[in-house]
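Between the sequences and the hints, there should be enough to build the whole structure, so can you do that?
Listed here are the chains, written in short residue letters.
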Amino acid sequence: MVDSEVLDEQAVEAADASHSAKVGDHQPGSTGISNQKLAMWAFLGSECLLFGGLISGYLLYRNNNQDGPAAAEIFDIPFTSVSSFVLLMSSLTMVLALSAITRGDHPRTRLWILTTALLGAVFIGGQVYEFTSFYREGLGYTTSPFSSAFFTLTGFHGVHVSMGIVMLMSLYFSSVRGKLKTENAETVEIVGLYWHFVDVVWIFIFTVVYLMAKGI
Amino acid sequence: MAITEEPPLELEAGDPLPEYAEQPLGVLTRPSGNTGIASWLFTVDHKRIGIMYGVFAMFFFLIGGLEALAIRIQLAVPGNDFLSAETYNQVFTTHGVTMIFLVIMPLAAAFANYLIPLQIGARDVAFPRMNALSLWVWFFGGLFLCSSVIIGGWWENAPDGGWFNYAPNHGVAFSPSKGIDFYAIGLQITGIGSLVSAVNLIVTCLNMRAKGMTLFRMPVLTWMLLITQFLLLFAVPVITVALFFLMFDRLYDANFFNPDAGSDPLLWQHLFWIFGHPEVYILILPSFGIISEVIPVFSRKPIFGYKVMVFSGIAIGFMGWGVWAHHMFVSGLGPISVTAFSMSTMLIAVPTGVKIFNWLATMLGGRLKFNTAMLFAVGVVSMFTIGGLSGVTHAVAPADTQQTDTYYIVAHFHYVIFGGALLGIFAGFYFWWPKAFGYKLNERWGKWNFWLQIVGFNLTFGPMHILGLQGMSRRIDTYSEGFGFELWNLVASVGAFVIFLGVLIFVINIFVSQRQAKHLPPVGPDPWDARGLEWMTASPTPEHNFDEEIEVQQVDEFWFRKYDIDDDGTVHRIATGDEVAQPGTATGVHLPAPSYWPMVLAAGLPFIGYGLIYNLWLCVLGGLLVAAGSFGWVFEPADDPDAHHGGHDDHGDHDDDPDTDPEAAAALDAPEGADDVAIESEEAPVG
Amino acid sequence: MSSETLSDTVEAGMHDADHHDADHHHHPSDRKYVGIAIGLAIITAVEVLTFYVDFGPLFIPSLLLMMFVKFYYVCGWFMHLKLDSPMFTKFFVAGLVLAAGVYVVMLSASQLWDNI
Chain B
1 MVDSEVLDEQ AVEAADASHS AKVGDHQPGS TGISNQKLAM WAFLGSECLL
51 FGGLISGYLL YRNNNQDGPA AAEIFDIPFT SVSSFVLLMS SLTMVLALSA
101 ITRGDHPRTR LWILTTALLG AVFIGGQVYE FTSFYREGLG YTTSPFSSAF
151 FTLTGFHGVH VSMGIVMLMS LYFSSVRGKL KTENAETVEI VGLYWHFVDV
201 VWIFIFTVVY LMAKGI
Chain C
1001 MAITEEPPLE LEAGDPLPEY AEQPLGVLTR PSGNTGIASW LFTVDHKRIG
1051 IMYGVFAMFF FLIGGLEALA IRIQLAVPGN DFLSAETYNQ VFTTHGVTMI
1101 FLVIMPLAAA FANYLIPLQI GARDVAFPRM NALSLWVWFF GGLFLCSSVI
1151 IGGWWENAPD GGWFNYAPNH GVAFSPSKGI DFYAIGLQIT GIGSLVSAVN
1201 LIVTCLNMRA KGMTLFRMPV LTWMLLITQF LLLFAVPVIT VALFFLMFDR
1251 LYDANFFNPD AGSDPLLWQH LFWIFGHPEV YILILPSFGI ISEVIPVFSR
1301 KPIFGYKVMV FSGIAIGFMG WGVWAHHMFV SGLGPISVTA FSMSTMLIAV
1351 PTGVKIFNWL ATMLGGRLKF NTAMLFAVGV VSMFTIGGLS GVTHAVAPAD
1401 TQQTDTYYIV AHFHYVIFGG ALLGIFAGFY FWWPKAFGYK LNERWGKWNF
1451 WLQIVGFNLT FGPMHILGLQ GMSRRIDTYS EGFGFELWNL VASVGAFVIF
1501 LGVLIFVINI FVSQRQAKHL PPVGPDPWDA RGLEWMTASP TPEHNFDEEI
1551 EVQQVDEFWF RKYDIDDDGT VHRIATGDEV AQPGTATGVH LPAPSYWPMV
1601 LAAGLPFIGY GLIYNLWLCV LGGLLVAAGS FGWVFEPADD PDAHHGGHDD
1651 HGDHDDDPDT DPEAAAALDA PEGADDVAIE SEEAPVG
Chain E
2001 MSSETLSDTV EAGMHDADHH DADHHHHPSD RKYVGIAIGL AIITAVEVLT
2051 FYVDFGPLFI PSLLLMMFVK FYYVCGWFMH LKLDSPMFTK FFVAGLVLAA
2101 GVYVVMLSAS QLWDNI
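Chains B, C and E, in that order, give the protein sequences.
Sequential numbering of the first sequence, starting at 1, is according to the working numbering.
Sequential numbering of the second sequence, starting at 1001, is according to the working numbering.
Sequential numbering of the third sequence, starting at 2001, is according to the working numbering.
One or more hints might be untrue.
As the list claims (entries may be wrong) - Derived Cβ-Cβ restraints for the label pairs, each shown as a range:
1. C:L1251 x E:G2076: 34 to 42 Å
2. C:L1360 x B:G155: 52 to 60 Å
3. E:A2100 x C:H1572: 52 to 60 Å
4. B:V128 x C:E1551: 56 to 64 Å
5. C:K1518 x E:A2100: 42 to 50 Å
6. C:Y1614 x E:D2054: 49 to 57 Å
No lab work stands behind these hints, which were simulated from the structure alone.
Where a beta carbon is used, it is the ideal one built from N, C-alpha and C, also for glycine.
What follows is the structure, encoded as structure tokens:
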């Protein structure tokens, strides 16, 4: 829940502010911030509970590998490190795309958006490769509670990345068609928020699921 | 998200309509027109969406009610064979799921959609198309759930695990029909609707308020609905995780709840109740809000302790997250967990008790007027108190061990959900009916409605306390003679039919009142001499809500425009409601245009659901619908050039250039922005 | 080492931001973004190092610390939480705290920590 007193203060400020010129602002609301961005943040707050649940399910079952391979045996840390690095860098290119469109530099916006989508696609490709090789090594979806929880958690993350790629590509094509104008920078920012969130979730998964598998 | 073209916010009088030279990608223009079925199906007007939530929920209420009657017929006499054990399991499960997810929650959503924008003085919600999307997603999800009753045979494939559907009974081994697949997927679909609507209404409450409408000037109902939306926002993903685990277990042999593979069945219980307890407050808080509006009006007094009322609501919202394991006291949690959750559960009774005393204090010394709305509101205060008190007995773990899975529990939660939530919603019906439809519901029929319902309710659920303490288990399809269960079961069954009669009278009342209203003078904007902004415009509410933006200076703004308080505390009327209220006659107000795509997108989801259960090709069809809906949504022209653009004769007091007039810009920008949400709103439900 | 890089770039960014015009929430410069990304990459390298080198009792604490630092910088700078309306931070932190709270209690009640 939100700290309501502070909200109230902001509301009062915003109400005062709305008397002064608000013209040219993107979406003046009672709080002075844009509806779309607020909605995205509310959604991301909600997503924390979704991934929290999936990660908890994994933590509960991480050592329950029945007769199948255990986490520490099967994870390929060098490989996953590379794909984690790729996803991390896609956050950089995403933020550069936003920076470019804020400056009105549309060719570079397109370049960075496309790079971000490509890096995302590389990550997804890596995940597909990882899943396939795990399967060959005897870790199927139904092998053990560990395998079900692992594939479900990382699969959900992969679906989120894929949807991010779809959003990025629609931004890219809008930009190609000239429909993504400088004043739509917030659109890029909102897609970026989603993208960074997905990256942040992977920062968590990479540490807790992969790197800690050795020790716990 | 403005991929679509942005038309100018407002047209200068006499200007030609803007040119829409390019329809992006040749997609359809937006639907237009104000009458006929299409104007409802494709509407993005929060009031029509609210009304549709209500109508659809009443349809599901009929289904859930008939299921309840079937249960009570079966249990009326010992050894009955009206329903087989298998059918009985399905009937009580669908009864519970229907009443919670398809009746109470959407009825609350009906009030939320209709009233939040009106109470905060807004033109519409923040994202009108997303609002339509949440309605249709919920409705199609509800139909999907209910279709389990007929698909694959009459009462063969309905969910049969109870509404909380514990592991491992919900596995394929113990429930081989498709019922629980319908449960898992159906609730995910309705959950998407709830999530979208939660995001939308939170943004609306925070960002769309009229000038001067600070958070602590919002009516208590809006506050309670806002807290409800926060609970939904954070609780829905938790049940989503649980339902995905369940779905993967059943459809793809995953091992989340499979005891053979050493999985922990308590994982389901935890996830379910982490969602489930906030869900309880999701059901009850809207009703608390409704009666907090009704009681002051018919006591002729302001609400006692407005801020305390709000803060106790917030406290309930917070504490609701720390009590879930009291549903699991008999699952072997261990003494530390049981003690901690026992104490937190007792604690949450405090803010609830504060609310009850505030309502009593509001009535104390007031000039009470017991019309039907007030009767229902007082019904909530009294019946919910009984339910709350029996709830405190569950907090005591040793007592709860005795009560778990008996009819005592059934009695308790019907006192809070029927006696608390549903009666409050009926109070809301009688109170806001004239605002929504322009005529009052008949008081004579209304009082029959109330008394039959309250008497029937107590006849049905009162005796269940006794039955439970005598040891009668819930969810058992019949019982033998000689345990002393016969009398009270028969009384309960009679009571159920009395309730049914009461609800029937409500439905009759609608038609009777509508016919009588033709011979009565119009009700006017303010039939109850009420307090909130929603009464400050014509009845029924005009499509554009308010002719001009209201500037708010205090809680109960509308009332203070009608009354003045002297230094010695006496109250004088300075104006009538009709004088203060806006006539609602403005024309040419810019409103968001209707859209086909929310419905198309929503219609895809049940197909994906059927596809997962029966044949993956149906998923392709569903996926295409979702894709088409999303695509159309994103590339829809921002507005239909023909709709809602009259001359520029509204906003009479600020007809200077809208670009330099922040007020007009703010008022008009709101619905406009809604069309800009394309991409993230398309993606939001999928998460 | 990495934290120095980060704090340097952070301060550099603050100065850059001051020169930007006011409409665009003081977005930091590209150089600063690259600087943060380099910092994050270095942290990631150290994280991966824990796989090859035995950190002893510091293994889990150091991993958690590095994870939180990365988390903080992505949310704070790439997602602009540090520069944007505090309301966004509240929404996000509400979700994070609630998730951490309920799930840690759930896992504790399931005796998860006993078998670490």
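Okay, the hints, checked on the actual structure:
1. For the pair L1251 of chain C and G2076 of chain E, the supplied restraint of 34 to 42 Å holds, since their beta-carbon distance comes to about 41 Å.
2. With their beta carbons about 53 Å apart, L1360 of chain C and G155 of chain B fall inside the hinted range of 52 to 60 Å.
3. At about 55 Å, the CB distance of A2100 of chain E to H1572 of chain C agrees with the hint of 52 to 60 Å.
4. Range check, V128 of chain B to E1551 of chain C: about 58 Å between beta-carbon atoms, so the 56 to 64 Å window is met.
5. Evaluation of the 42 to 50 Å hint for K1518 of chain C and A2100 of chain E yields a failure: the beta carbon distance comes to about 60 Å.
6. Y1614 of chain C and D2054 of chain E have their C-beta atoms about 53 Å apart, which keeps the hinted 49 to 57 Å range intact.
Comparing the model with each earlier hint shows a violation of hint 5 alone; every other hint is respected.
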